[in-house]
Amino acid sequence: MPWGDYQINANQILVPTQFRWLPRRALDVQGDNRPIYPAVRSAELKWRLMSNEEWSVLQDQFRSIEASGTSVVRIPEFPTATGQAYAFREYSGTTLAEPTIGPYFEEHPKSVVLVIHNIIVE
Amino acid sequence: MYLTDAQLSRVRTRPHRTRLWLGIYQPRVIFSGRINQAGIAKGDRTITLDGTSGDFALIQGGETCFISTISGGNELGRLRVRSATATTLTLAENAITWKDDWYLTVVRYFEPWGVYPRVTLDDDNDPTFFKDYDIAYTNQNTVLDPVICLGPNHAGFLEPDGIATGIASVWYTSSGTFDPTEGGGLSSYDWHFEGGDPTGSTAADPGYVSYTGCGQYVTSLSVTTDDGATFTGRRHVQILTRPDQVGSCKPFSRWGLRSLEGNRDAGGYNARIWIRDVVDTDVIVDGALIVVFSEDWEGGTSEGITGSYVKVGANAENRDQILFTGYILEDSIRLDPITSQVDFKVGSITQRMSELSTFSIALDAEDNGEPWTVFPSLTTDRTAIHYMRWHSTVLSVADFAQTGETQPLFGTTLGRGNLFETIDGQYFSDLMASIVSDRQGKIWAEVNESYQPTGSTRQNNGHMQSVIQLSRQDWRNQIGIERDPHADLSYIELGGVAYSGPVTGTFNPYLSGAPGEAPDYFGKAERVSGLAIFGQDQLNELSGNVWASRSALYPKVQILLAGDYRFLDIAPQHRVELTIAEGDTFRHIEWTNKPFIPQAVVYRWDAKNQALMMDLAVTEETDGPPGDTVLIPVNPPYDQPIWPDWRIEFPPIIPPDPPEPPVDPPPGTGDLIYLCTHNRLTRTRNFVIGRATGSTWEDITPTHGGSGVTGTFRNFLLDPQDPLNTAYLHTDLVAEAVPVPPSGPHIYRINNLNGPTGTQTYTEILDPVTWDLAIDGGSGSSYATSVSVSPISSNVIFVSGRMFGGNLRLIRSSNGGASWTDIKNSAINASHISSHGRFWASEKALQNLWLHAHFGRIIYYSNSQGEVWTNLYDVGGGNIDQLHFPFNANAADRIAYWTENSTSVMKTDDHFATQINITPIFDGTTWRPIFNNALFDYTARPQIQTWHLNRLLIAMIARDDATEDRWMLFYADDGVDAGFNSWFPRMEFLDVGGANAMGPFLWHKTNVDLMALIQTGDNDKLMLSVDRGFTWSLDGLDRWETDIGTIGGPDFLGFEPIAGLEWVTLA
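Chains F and V, in that order, are what the protein sequence lines are.
Heads up: the first sequence at position 60 corresponds to 60 in our numbering, and the numbers run straight through without jumps.
So our numbering is basically just the index in the second sequence, starting at one, shifted up by 122.
Derived by calculation from the structure, the hints in this document are not laboratory data.
Heads up, the beta-carbon is just placed ideally off N, CA and C, and yes, glycines get one too.
Relax, there's no trap hidden among the hints.
Derived Cβ-Cβ restraints for the label pairs, each shown as a range:
hint	chain 1	residue 1	chain 2	residue 2	range
1	V	282	F	101	36 to 42 Å
2	V	452	F	11	45 to 51 Å
3	V	135	F	97	27 to 33 Å
4	F	12	V	135	35 to 41 Å
Some chain F residues well away from chain V (every beta-carbon gap over 10 Å; in silico):
hint	residue
5	12
6	17
7	23
8	46
9	48
10	52
11	55
12	62
13	100
Reference listing, derived: stretches of chain F covered by chain V, where coverage requires no fewer than 3 residues with Cβ under 8 Å from a Cβ of chain V:
hint	stretch
14	24 to 36
15	66 to 73
Chain F extracted, bound-state conformation (with noise of 0.2 Å):
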């Protein structure tokens, strides 16, 4: 199994088949005609397929802060004028939706989507 750099709270994750920013959307747009951000943005990791024990770390994480409290995730960092080119970096302060799995293939869940919330990127 691929473990790289993805973290949720210093533990390693499988490395997600797919990982992207996900667009912000616009909460509204000025009187100038400018659209207004949040401030906050979100990532989302999809995996094609995993196993049980891969699922299980997810579904912990999530847990662990279902009802209150924040992650530290380590995942790739959002490119800004002053970031690198490509790198792993920590977003801490985070939450996370709830990881949502698709259909079974045998006895793995498949199509596996985490979607991590409240990252500061700047």
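Mind docking chain V on chain F? Use the hints.
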């Protein structure tokens, strides 16, 4: 609050990020115990306890005591604590029905309460007045307690990151504290910071105090004035750890802010909050203190976005992170059993004040003999301060800023009610001011700034400076501008009294009106009186500004702010300048720094995106030219009528029975008709049904020629009330030329008219002697010409005719002929009373009567049964031949038809005031109502008949004036309203063989289709039409001579008088 350029730049930097946290103050228990007082009475205040825990010495007056049947519970309510001993607890005035063994729990919580005064009487009935239950009045009205400001209730995290070992710093200042006593000042400060470091201070502004452990604390500030008055204010402080850190005091994390709105008109803010955390029911209770605080980031720089800093924007110094403080409103807590979500409303201190009932008080500036109601330095501010201080605990739990207005009051009365409305109402009635709570819970008493004079006065306390200049980068979407070109007020009149104070004690009343003598076209007129003022100039300025403000062209501008601009609040009032470029609005409104004042704020929190947005409503800041002085009249005008006492017991209204539709009699068959001629009274009972084979006739004059009847038959008429059985017959002997009986008229009532032949009897009701044979006039016979029986009463009978010599004779019987009265009197001109008068009695009014007299020239009218007569119409030369009133549908008998001189048919719609000629002109000729005016035929030969069938139908028989041998039946269905053009020829009769050959003409009274007409020409006929005159059958008289006896052959009627042809309506 003034934004520096750097602050403004930062506010406009995007994005903004805000995290909100919810703190509910959870007071710790100070003291608890169980009632041990057998026979405890309802309303007891000092209660004996046992099983106590805690230290009674720690109890402070004003704390909250919960009442319960279980230890630590609160389900039976709560009371304000006054004091405690080791075994007793003294509570505020109450009406609780206490029970032994209940539990009482005192917690360290100071909340707003209502406070009630008390008066006791000693044995001599001398009163003692208590300001509170156990605080007697001494000098509280002259030596006022200070008003203490020490900032809002507080909640915040230990720093850094909310860890339990962190330190929280809270800024304290007494800024805003003042001594309301006239000329007074503050002398000392005594701070106590529970849980803080330092633990206390005597400085006015201690600055930052550190808290090193989380907990729920109380900070108090006692201030003493120069006069020695001391008062204590308290605030609650929540020092918290973050939810993900170790610690016992944490904010609620699973919660949401449904709404947070503030409005000056409502006096403060309201919020709706939900919580889904596991919640102790002792925490979320009515009246619990709520603090919503925030962590904020502004700007796009790394430093600004990642580092938390003090938000720009709050009234309390260095407490910018306190977004909102309030109290859970009564009965607003709801639990959703499905989601376990608790939902409740939170209101500002002013909203909580609305839930506190208060006592009425009266204060006088001058000595009135009751020391506790005398308040020598009375002003509106001092009234409010006094009331809040002594009739509530509000001033101990909230900051307060007065208006600063100093107009002396002679006296004031505050009524019972809720605390907010009482204070707010007092401010408005005195100063047109109001009280409003800001977001953090400070109460601001303010006059609407647009009412204030411009310049420095309007900018008192500095807060009317321009806070920000907003332009399109500051709002979302489009700015909403309401424009109201129509003034709200057309006119306002303000009245006030300038009182010089108790030393000089003078009063001067003033009135002022705006905009001036000429009010505006739109809006309403208002009057406010009783204002406290300094003089006329001030009142004029006030009225002018009030009118301008209420008539503002832009009363509301809605601005959806593009970020968190929370430095804008609804109180204190401040100025916001709007700059709008031409292209910013569709209406091309262009403003440059136009001043407005915030009126309402709505916060919208998007927790997912950590975005706190604001909607702001502002109103145009105005000022107007001074109003005009209104002179006060010496005698006050009564602007309201003095109504009588209208307390009248009206009887119940019983709706009348709905009117029944008129019931028409069933149409008669028309078979029974009487013909009276040749001294024969005859009848046929098969006039209509026998028309094919010939009607058969009966002679019912059994005494003809005998002793029962004397003279020649002249008039025969059916009794209008009993036409089947009763009729009247008039006979006359006119041969004598001298007044010797039996000359003169006889009138008989015929009885059993409808009985078998031979059963009819005659009763004479008028004889020649009664008629009066006196000679009157020249020469000539005496006879009657007309008999009329009232359609309303058969007892009223009129007879007219002539006396020997020719003059008119008029008599009336009101008893069916038993006796007669002479009704010819001087009312009828003696020169106009000559011969053959005829009567028509009204169907509508018994007293109405028309007389046709004086050789037929004049129509007289009487509405007194003939006692008084009026000359209605004089035809001049010639005769009026017939007169016909269409009684149905002829209101007040205004319509009549008549014929004149056998040449013209006339009509009047106004009782003869005007006469209209309606003589038919048809087929190139004029058709004349030629009338057989042989003696005695006046009533027996009618030629005009009417019927009312939705419209007035009229039919008339007339003669071709050219040939004199051609007659026409004319018909009109509009009452001949269109003149002679209304007539339609319905039946033409040719070769009738005589100039006066047609008539009488009858129209059956209950069967509109039946008409009868006698032709007395070459071959006498009694014709019948069953289709309203279109076709006629001949002839009803074929068998008359056969049945009655030969008299004169086919022309037996000839020119002989027809005494009567009467169609019995009901048969």
